[in-house]
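Fit chains B and C to the given chain A structure using the hints.
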Amino acid sequence: MIKVLLWIRYLRTRPVVLLSITAVALAVALLIVVASLFTGFIDAFERSATELVGDVLLTSPNRFDHADRLAEALLASGLVKATAAGTQLPGLLHLGTGDVRPVQVWAIEPQALEQVTCIKRWLITHDDNPRIPSPGQHVGPIPALIGIGLLTEPDPVTDRYDRQRAIGQIGQRLVLTCPAIPGKDADGTAQRPGRRTLELAIAGIVHSGNWLFDQQSILVPLKAFQTDQNSPPALVDRVQIRLADGIDARDAVTSITTIWDRFAQQILGWGPYQAAQAEVLPAKELQGRFLAEVRKQLGVLMVIFGVVDMAAVVLVFCVFYMIVRLKIKDIAILKACGCPSSQVAFLFLGLGAVTGSIGAAIGVLLGWLFTHNINHIEDRISALLGIRLWDSSAYLFEQIPNQVAWGAVWVIVGIAILAAAAGALAPAVMAARARPVEVLRYE
Amino acid sequence: MNRTDGPILVAEGIVKSYRLGTTTVKVLKGANLEVAEGEFLAILGASGSGKTTLLHILGGLDRPDKGRVLFRGSDIAGFRSRQLDHYRNRQVGFVFQFYHLLDELDVLENVYLPAMVGKGILGWLACKKAARQRALELIEQVGLGHRLHHKPWQLSGGERQRVAIARALMNRPTLLLADEPTGNLDWATGKGILALFGALHSSGQTIVMVTHDQRVASQATRTVVLADGLVQAGQTNTHWRQ
Amino acid sequence: MYKWLLALRYLTGRRISYVAVMVIGLCVFVVFVVMTVMDGLVGQFKQRTHDFVGDCVVSTESMVGFPYYDRFVTILHSEPIVEAASAVINTYGLVALASRQDAVGLQIMGIEPTWHFKVTGLGKSLYLHPDDPNKAFLAQHDPNLPGCILGIDLVLNRDWSGSYDYRWLPVKAIYEISCFPLTAKGALARVGAGYVNAKRFAFADVSRTGLAREDGGCVYLPFGQLQVLSGMAGPPGRATAIHIRFRPNVDLMAGTAKVAELWDQFRKACQDLPQSQLLAGVKVKDWKTYRKATIAPMEKEQIAMVVMFVLLATTAIFIVFVVFYMIVANKARDIGILKAVGASFGGVMGLMVGFASLIGLLGASIGLLAGWAFLSRINQIEYLLFERFGFQLWDRTIFSIGQIPNQIHLDLAAAVALSAIIVCLTGCLPPAMKAARMQPSDTLRASPV
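First to last, the sequence lines map onto chains A, B and C. Numbering follows the working numbering, in which position 411 of the first sequence is assigned residue number 411; successive positions increment by one, without gaps. Numbering follows the working numbering, in which position 228 of the second sequence is assigned residue number 228; successive positions increment by one, without gaps. Numbering follows the working numbering, in which position 92 of the third sequence is assigned residue number 92; successive positions increment by one, without gaps.
Isolated chain A (complex conformation):
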C-alpha cells in the first residue's frame, strides 16, 4: 500500500516524472506512426492484390483451352467460390488525337471477373448502379472497361482524378493493338502468333485506387479475341480464383495444384513436366520480393528511431536517479521503520513501470490520433505549402494507409514499459542499498 501511495504522491508532486512520461509518450507515438504507415502500405498492397486478382492465381507459361472444365473441377472441390480464366497482354491504345498509350490488356470475361474481384465496386458509368457489360456477341465496337488514369490525369495539387471528365468520355471509340492470342482452328491445329487490332468503345471506367492498375489497364472480353463466331474460345494462361469463405489461401494452394495437375494431364494431355510449369500462388505473394524489401525498410527505420528513443530510457534513469538522491532521507526513514530493501527497490522499479505504462498509453493515443487523421493532416500541409507529400504516382495508392498496426503497438508498448523499468533499475538498486545509519547522520 505504501508503494501505491508513494507512486501517486511522486506522480503528483514531482513534475519531472510527468516530463519523463511525456518523453516516453512521444517516443512511443513516433514508433507507432512509423510502424503503422509501413504496415498499412504493405497491407494495402496485399489487399489490392486480392481485390484485383482474387485469393489465388494460377498461371501457366503455356496457354490452354477447356478452362470451363477446370473451373468445374475447382468448384466441385468445395474450396472455390468462383473462377475467372483469361490472359494478360501488352497493348497499344490509341485514345484520341495524338494520344497513344502502352496498356495492360486483361482479356477476361467481365461477368466472371465480377465474381472473383471487386470490379463492380470500382465501376463508374452514367448509371448510379453500374452493371458489368454482358459478354454476348458484339456488333460494332467491343465494349471495354478502362482504367480512369488512361482518360484523365490526377490533379497535381489534390492528386484526385476528375471523374466527371472521365465519365464524359464513356462511349468514346478507341483502337487497341496487341498480340493475338493464338488459339486453335476448328480442326484443332494451332494458330500462328500474330497481332490483333480491335475497335473498342468505352463501356465503363474502373477506379480501383491502385495507381498502376488505373493508369495502365483495359479490360476486354475474352470472346473478342476469337477469330470468329465459330472458332473455339481463345486460349488462356491464367485463372483467377476466389476461395470459399473461411478457406485460407496458403492452405488451398496444395489442393488447387493437385486439381490442376490432374486437369492438365488428363484433359489437356500434358506431361507431368509441362503441368508442373504452372504456378499457383496466393495473390498476396505475387509481389513477395518487393514487399520483403518494404518490410526490410520498415525494420531499418524502426531500429534507427528505436535507438534514438532509447535516450528516453536514459532520461528515465536520470530522473529516477535524481529522485532517489533527493529522497534518500525518506528512503532511510522507511527502512528505519522496517521496510525491507526489496520493497524499497520495487517502489522505484514499479514507479518506472508505471511511468512507462502511462507514457505508453498516452503515446498509443497520440499515435492513433495522428495515424487515423494522417490524410487530413496531409491535406492541411498540402493546402499550406502548396505541395503534395503523398503522391499516388510514387506510392501507388491515392490515400495514405491510416490503420494503426495494433500488432506492432502491443510490442512497442511492452518494450516501452520494460525499458522504463530498466531505466529505473539502477536507481532502485541504489535506493535499496541505502543504509539508514549513514543517511540519517546529522551533519
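Hints listed in this document are in silico derivations from the structure and should not be mistaken for laboratory results. Do not rely on the hints blindly, as some may be mistaken.
Examples of chain C residues lying across from chain A (beta carbon under 10 Å, computed) [unchecked claim]:
hint	residue
1	R15
2	L26
3	M326
4	F391
Covered by chain C, according to a simulated footprint, are these stretches of chain A (three or more residues, beta-carbon under 8 Å) [said to hold, decoys possible]:
hint	region
5	53-60
6	86-100
7	112-118
8	171-179
9	311-317
Ideal Cβ placement from N, Cα and C applies to all residues, glycine included.
Frame of chain A, contents of chains B and C only:
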C-alpha cells in the same frame, strides 16, 4: 574605510508577507532600521521572526511589499534590475548560514566569482591579474592559503564559511550582510568566524549580522531585536561601551 | 566570463549533461547519415537524368510531333550558346522477340547518334561501342536488318552486387517492333488493311543509363526508321522533341530563355507553312522542368524524410528540455548565489544558453564525426553484412543502385550541426527563462520565513 556621519542604510516601514499554501503570513509589519557606516549591527530574533527576510530586503535580494530602503539616500526598492544587480555586486557582500559555494569551482574561483560577474572575456582578461591578487590576499586573510585549489566538498564547515566571507569581500563592498554565519558551526569554529568579523569591523567594514544567538549578537557593537515584525529599540553592547 | 567558466564546468562535471550530449549526438548521426545517403541518391538520379536529357528540351506532349524540326536544329547550331542539338522521336510500341509470341509495351526513342551523343550521355551508356555513333546501331548478327539498342534491364538481370553478366547478351536476337502510325491530325493512319506498322530489328547494343525507367522500359531505334514506323516521315517530317546541350559556362535558365525566344521567332516565321498548327503545342523547358514528374517523387521522399526527422527532433527537443529542467532544478541554489553576487537576468540566461550551445556543439561534433566514420565505410559494412548474414539494405536485384552514395557535403553537415544547436537552444529556453527569473531569496533561505 572612512567613517562618515549619518546612516548609510535606512529601512523605513518595511512590510513583507508570504503565502504558505492557503495562508498568508505577515512577517514584517513596518520594520524600521538605521545602519551607520562602520557599524557592526546584530539583529537578534527568534526563529521565524523575519530576520532573514529583513536582511534579504536590505541586501536587495528581495523586495518589500511596502516601505523604503535607502542606501546613501537612494531607495533600492525602486531600483531597476540592472541597478539592483550592480548594488549586489558592488555595494553588498553576502555571507549565508549554509555557505552557498559553487561546487564546480575551487576556493580561488569561488572567491573571485563576484569580480567575474558583469564582465565579458576581454574585460575579465584585462582585470584577471588584479582580481586574482585580491582573491589571494583575502584567502590568506581568512587563513586558507593552503587550500586554493580545493573544491567546497573537500573543506570543513568552518573553512567553507571563511571562503564565503572572502568571496563577500572580493569587490570591497560597503556592506557585509551575514545571515546566521555561525548557525551551522560548532561554538569554537563560530568564535573564529566572529573574530574575523571583529577584525573586519576594526578595519572599518560595516557589518549587519542576523542571529538567534545572544552570545553571537553580543559580539556586535549594537544589537536590535526583531519581534512581532518590528524592530525594537537597539542597545549598544557592553564591551563596546567599554 | 563566469558564464563560460560555469558552462564548461557543468558540461564536464555533471553526468546528466552527457545524456543530453548523447541524445544530440545520436540524432545528428542518424540525420547526417540518412540525409547524406538520400542526398546522394537524389543527386545521382538528377545527374543521370541530366545526362540522359541534356540541358534543354524543345518538345510537344502529343505523339503527333511537330514539323520543320530540322530547320530549327540548324538555327540552334548557329547559335553561340548551343554546343549541339539533336532531334528525337518519343513514342510507344510493342516489342516482341521475333521467335516468340509474347510482346511487351515499351517506350521507343528514335535518335540520330552523331548529334545525340554530343547532347546527352547516351553514347557513354552503351556497352559494345560506347560513344561511337557510327557503330551504335550496328546489328550484331544480321547486317541486313537495322539495329536497335535496348535498355539493359530488358535483356539482362542484375546480380546481388548490382552488376550484369554481359556474357548473356542476346547478340543474335531479332525483335519485331510495332507502332501506331499517326497522321498530322493525330488520327491513326491506315497501313494496308490495318492500323499498325511493324518492322524487324536486330540487336545492336544495350544502354545502361542508371535510370530504372529507361533501362527497364526503353528501346532506341535509328531516327529515320522510327519516323517511318510512327508515320512521321512526312513530308514534312516530324519529330517530338529536340534535345539541346549548351556550351560550358552558359547559365541554364538564361540559355533556356534564349532558346524559348528563338523558338517564338521560328514559330512566327513558319506560321504560313503546312501543318504549322502543330508548332503551337511545343514548349521549351530546362531539363529539370522537363523531367519534373520523375524528379518530384524523389524530392518528395526527401521532404517526407525531413518531416519524419522533425518528429524525431521534437522528441530530442523534449529530452533536452527535461535534461535542462533537471539541471535548473538542481542548480537553483547556484543561480541564487550568482544573483546574490550581482549576476543579472541576462547573465543567468547567458549561462544556460551557453551551456546549451556547448552541449549542442559537442553533441553535433560527436555525431558528425561518427557519421563521417560510418559513411566512409558504409559500403564495406554493407558488404560484410551481406557476406555474414545475407542482409543487404537495398536488394540490388530489385533496386538500380550501385554503391551506396557516401560523399559528404559540408553544407549539409553544417545545416545538421546548426539544427542540433537550435534544438538544444529551443529545449533549454523555458528552463533557462525560469532560472533567470528565480528570486534569489527563494532559493537561498533555510526556511520560508
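8 Å C-beta test of the region 171-179 of chain A against chain C, three or more residues: holds (count 4)
Status of the hint placing M326/C at chain A (closest C-beta pair under 10 Å): The hint holds - M326/C has a Cβ within 10 Å of chain A, the shortest such distance being about 6 Å.
Chain C over the region 311-317 of chain A, status - at least 3 residues with CB closer than 8 Å: holds (count 4)
Hint status (Cβ of R15/C to nearest Cβ of chain A, threshold 10 Å): 8 Å, holds
Supplied contact hint for F391/C, tested at 10 Å Cβ to chain A: 8 Å, holds
Whether chain C covers the region 112-118 of chain A (at least 3 residues having a Cβ closer than 8 Å to its Cβ atoms): violated (count 0)
Proposed interface contact between L26/C and chain A, which counts if any beta carbon pair is under 10 Å: This interface hint holds because 5 Å falls under the 10 Å limit.
Chain C over the region 53-60 of chain A, status - at least 3 residues with CB closer than 8 Å: violated (count 0)
Given coverage of the region 86-100 of chain A by chain C, tested with a Cβ cutoff of 8 Å and a minimum of 3 residues: holds (count 10)
Hints 5, 7 from the earlier list are contradicted by this structure; the remaining hints agree with it.
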